[in-house]
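Engineer: What follows is the residue order along each chain.
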Amino acid sequence: MSPNLRALLYLLAAAAFVVGLRRLSSPRTARGGNAIAAAGMLVAVLVTLIDSDVSWWVIGAGVALGALVGAVAALRVKMTAMPQMVAVFNGLGGLASALVAGAEYLRSDASTLPAETMVSIIVSVLIGSVAFTGSLVAFAKLQEIMRGAPITYPGQRAVNLAVALLALGLGTWAGITHDPLAFWVGGAVALALGILVVIPIGGADMPVVITLLNSLSGLAAAATGFVIDNSALIIAGALVGASGIILTNIMCRAMNRSWTGVLFGAFGGTAAATGPASGSARTANPDDVAIALAYSSQVLIVPGYGLAVAQAQHALRALSADLEKRGVRVAYGIHPVAGRMPGHMNVLLAEVDVPYRQLLDLEDSNALMARTDVVLVVGANDVVNPSARDDPASAIYGMPIIEADRARSTVIIKRSLAPGFAGIDNPLFYKEGTSMLFADARQALTDLATSLAAV
Amino acid sequence: MLDPVVIGVITFVLASFIGFEVITKVPTTLHTPLMSGSNAISGITVVGALIATGGGADTLATVLAFVAVATATINVVGGFLVTDRMLGMFHRPRRPDDEPGGGS
Numbered sequence: 001m002s003p004n005l006r007a008l009l010y011l012l013a014a015a016a017f018v019v020g021l022r023r024l025s026s027p028r029t030a031r032g033g034n035a036i037a038a039a040g041m042l043v044a045v046l047v048t049l050i051d052s053d054v055s056w057w058v059i060g061a062g063v064a065l066g067a068l069v070g071a072v073a074a075l076r077v078k079m080t081a082m083p084q085m086v087a088v089f090n091g092l093g094g095l096a097s098a099l100v101a102g103a104e105y106l107r108s109d110a111s112t113l114p115a116e117t118m119v120s121i122i123v124s125v126l127i128g129s130v131a132f133t134g135s136l137v138a139f140a141k142l143q144e145i146m147r148g149a150p151i152t153y154p155g156q157r158a159v160n161l162a163v164a165l166l167a168l169g170l171g172t173w174a175g176i177t178h179d180p181l182a183f184w185v186g187g188a189v190a191l192a193l194g195i196l197v198v199i200p201i202g203g204a205d206m207p208v209v210i211t212l213l214n215s216l217s218g219l220a221a222a223a224t225g226f227v228i229d230n231s232a233l234i235i236a237g238a239l240v241g242a243s244g245i246i247l248t249n250i251m252c253r254a255m256n257r258s259w260t261g262v263l264f265g266a267f268g269g270t271a272a273a274t275g276p277a278s279g280s281a282r283t284a285n286p287d288d289v290a291i292a293l294a295y296s297s298q299v300l301i302v303p304g305y306g307l308a309v310a311q312a313q314h315a316l317r318a319l320s321a322d323l324e325k326r327g328v329r330v331a332y333g334i335h336p337v338a339g340r341m342p343g344h345m346n347v348l349l350a351e352v353d354v355p356y357r358q359l360l361d362l363e364d365s366n367a368l369m370a371r372t373d374v375v376l377v378v379g380a381n382d383v384v385n386p387s388a389r390d391d392p393a394s395a396i397y398g399m400p401i402i403e404a405d406r407a408r409s410t411v412i413i414k415r416s417l418a419p420g421f422a423g424i425d426n427p428l429f430y431k432e433g434t435s436m437l438f439a440d441a442r443q444a445l446t447d448l449a450t451s452l453a454a455v
Numbered sequence: 001m002l003d004p005v006v007i008g009v010i011t012f013v014l015a016s017f018i019g020f021e022v023i024t025k026v027p028t029t030l031h032t033p034l035m036s037g038s039n040a041i042s043g044i045t046v047v048g049a050l051i052a053t054g055g056g057a058d059t060l061a062t063v064l065a066f067v068a069v070a071t072a073t074i075n076v077v078g079g080f081l082v083t084d085r086m087l088g089m090f091h092r093p094r095r096p097d098d099e100p101g102g103g104s
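Read top to bottom, the protein sequences are chains A and B.
Position 379 of the first sequence, counting from 1, maps to 379 under the numbering used here, and the rest follow consecutively.
Position 92 of the second sequence, counting from 1, maps to 92 under the numbering used here, and the rest follow consecutively.
Worth double-checking, as some hints may not be accurate.
Taking beta-carbon pairs under 7 Å as the criterion, some of the chain A residues facing chain B (in silico) [said to hold, decoys possible]:
1) 41
2) 44
3) 48
4) 116
Worth flagging that the hints you see were computed from the coordinates, not collected in a lab.
A virtual CB, placed ideally from N, CA and C, is assigned to each residue, including glycine.
Build out the structure end to end from the sequences listed, making use of the hints.
Structural biologist: Spelled out as structure tokens, the structure:
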């Protein structure tokens, strides 16, 4: 195959990735887009196999193993475990890029490598290694193999900074002197860096970590593209890098945090600023709530991760189906951090057959609020806390919220009045027009459906 | 004749801009499939892994290449499959009046 034809076929693959991502702009076209991107990948792989001097048995064994593990994982993973799975995949992508660069380094005589190739190899190894171990720690935290709470010690920032500089320094040294020891030690230090950077990050900040690692796995692939001078890798890596950065920004904005704050500062410490809100909460029973829901014309359900923890998605869907049969319009207001990764709650609800048009984002939910008769909050807390909007002393002040307090009435299903993850009291609980239904989410939703049948 | 690395940088910068343009149009509903799908796309590094299996009998390099092929394949196969599985769950309302909002 001529180098020109080869380059054009790699470009075709890269174009397929762009088209695939473009089609993710609507749920209607998204699945086809994913297939186009996969076809692009197949083209890139076939071109490589036809045109390169490869070792077939190594490839056969590697592909068989990888395809088996990948397929089994993809088909069996629970939707609630999607963040862990994406974290692992990010890590494996980073590892693969680092290994390709490492193998390239071993195969070449370092002293004859052009400076830019050497730089690309080092960048790929460093980024890929950080993405690999960082993702493994994120996985361990999400899978609850490790405690989700931040692991901190005095001088942590200084240590992390020193380790990062050491990795960069060793990489630079290896680039200048072609010292193999510096190269491999630099890679090992980068592996350690990935662990050190992620352990102080708490469970609630995990969405930001996953999106950032997503970006890094793309950038590692792009760096590998420079190593082997392949435009498909450079383009694909740039696309993924951009995607991860955009999602990181969205998550940071949704939590009102900066990504530097997430990476370098553990959450908490200011929660004491808010005293307990005054007043008493009104307790409702399922019958009252069922009547209120049945006579509404618009109901907005605000789900939080507590819904998934209680495995109450099916019960919620059943209740909303009953309401729709009665002519009540039902929509779901989904805060960007409702799940454990961007868009996670949407997938959990899609899994129980909620049509995607009922899944509203933050802006659309708030736009609907004035016409909403009942907001039903299930397993969520901080994302409906009006302090984030009204109380400059609150630790979550400035975080965009779903303004449930602007609806005609609010029903909150919750086990107790205990504050949410951020440890902040919620004035919405004590507001006129709010009633609390104290129960386990799944039990409460089942009870509501039973009561509704009797209305 | 331009240096290949310069062509690479040009490609990278332009592709990043395309990435920003395209990704900002993805609705929040699809952000999880976006992450798993883009993850599969970053598995393009499998191309590098395939090339790395050839050329030279360095044992350690062959081991690295084998692990790279396996992990990148997990990324590609697992990533595209799980994305397809998720996207298959998103469907339109069965009745037109399932639409939220709207006065009546």
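Engineer: All the hints need checking, so say for each whether the structure fits it.
Structural biologist: Checked hints:
{"no.": "1", "hint": "41", "in the structure": "6 Å, holds"}
{"no.": "2", "hint": "44", "in the structure": "5 Å, holds"}
{"no.": "3", "hint": "48", "in the structure": "5 Å, holds"}
{"no.": "4", "hint": "116", "in the structure": "4 Å, holds"}
In summary, this structure violates none of the numbered hints.
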